[in-house]
Amino acid sequence: MGVRPPSNNDDNDPESVEFGIAAVDARLRQSDLSFPATEDGVAAALGHEQIPYDVQGNEVALGVILEDVEQSHFESRQQLLNALHPVFETYRQEHSGGVVQQMRSLLPF
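Take 1 as the starting number for the sequence shown in full-length UniProt numbering and just add one per residue.
Just so you know, not all the hints are guaranteed correct.
Claimed, not checked - Distance windows between CB atoms, simulated:
{"#": "1", "residue 1": "Gly57", "residue 2": "Pro36", "range": "14 to 22 Å"}
{"#": "2", "residue 1": "Ser72", "residue 2": "Ser16", "range": "29 to 37 Å"}
{"#": "3", "residue 1": "Arg27", "residue 2": "His95", "range": "13 to 21 Å"}
{"#": "4", "residue 1": "Gln56", "residue 2": "Pro36", "range": "29 to 37 Å"}
{"#": "5", "residue 1": "Ala44", "residue 2": "Asn82", "range": "18 to 26 Å"}
{"#": "6", "residue 1": "His85", "residue 2": "Gly57", "range": "17 to 25 Å"}
{"#": "7", "residue 1": "Ser96", "residue 2": "Asp32", "range": "26 to 34 Å"}
{"#": "8", "residue 1": "His48", "residue 2": "Gln71", "range": "16 to 24 Å"}
{"#": "9", "residue 1": "Ser34", "residue 2": "Asn58", "range": "27 to 35 Å"}
{"#": "10", "residue 1": "Gly63", "residue 2": "Phe35", "range": "13 to 21 Å"}
{"#": "11", "residue 1": "Pro36", "residue 2": "His95", "range": "27 to 35 Å"}
These aren't lab readings, by the way, just hints derived from the structure by calculation. Backbone N, C-alpha and C define an ideal beta-carbon position, used for all residues, glycine too.
Using the sequences and the hints, build the whole thing.
What follows is the structure, given as structure tokens:
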């Protein structure tokens, strides 16, 4: 997931804010983790990584998210991301400021 942040008319602003599985994917691409992989292997390689789970930049350790993933073996990076997606969505809904706060974060004012 990614959302374009509000612009401050500064050319140094990032193009987008990565959170959820988009942020995990970026970390996976930078890691030495190879697939197939186990949940324990993912946790050992990236479990300590703090991953933003919403547009406000609130973070959770990937290891916390992995605890709720039902699979323990992943044949590919995409299979891991697919397993993480619903867990991140649930976590975001339970820990974000609610629908009104989420809508405010998307509006430019």
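So, going through the hints one by one against the coordinates:
{"no.": "1", "hint": "Gly57 / Pro36: 14 to 22 Å", "in the structure": "violated (32 Å)"}
{"no.": "2", "hint": "Ser72 / Ser16: 29 to 37 Å", "in the structure": "holds (32 Å)"}
{"no.": "3", "hint": "Arg27 / His95: 13 to 21 Å", "in the structure": "holds (20 Å)"}
{"no.": "4", "hint": "Gln56 / Pro36: 29 to 37 Å", "in the structure": "holds (34 Å)"}
{"no.": "5", "hint": "Ala44 / Asn82: 18 to 26 Å", "in the structure": "holds (21 Å)"}
{"no.": "6", "hint": "His85 / Gly57: 17 to 25 Å", "in the structure": "holds (19 Å)"}
{"no.": "7", "hint": "Ser96 / Asp32: 26 to 34 Å", "in the structure": "holds (32 Å)"}
{"no.": "8", "hint": "His48 / Gln71: 16 to 24 Å", "in the structure": "holds (20 Å)"}
{"no.": "9", "hint": "Ser34 / Asn58: 27 to 35 Å", "in the structure": "holds (30 Å)"}
{"no.": "10", "hint": "Gly63 / Phe35: 13 to 21 Å", "in the structure": "holds (18 Å)"}
{"no.": "11", "hint": "Pro36 / His95: 27 to 35 Å", "in the structure": "holds (31 Å)"}
Going down the numbered hints, you'll see the structure goes against just number 1.
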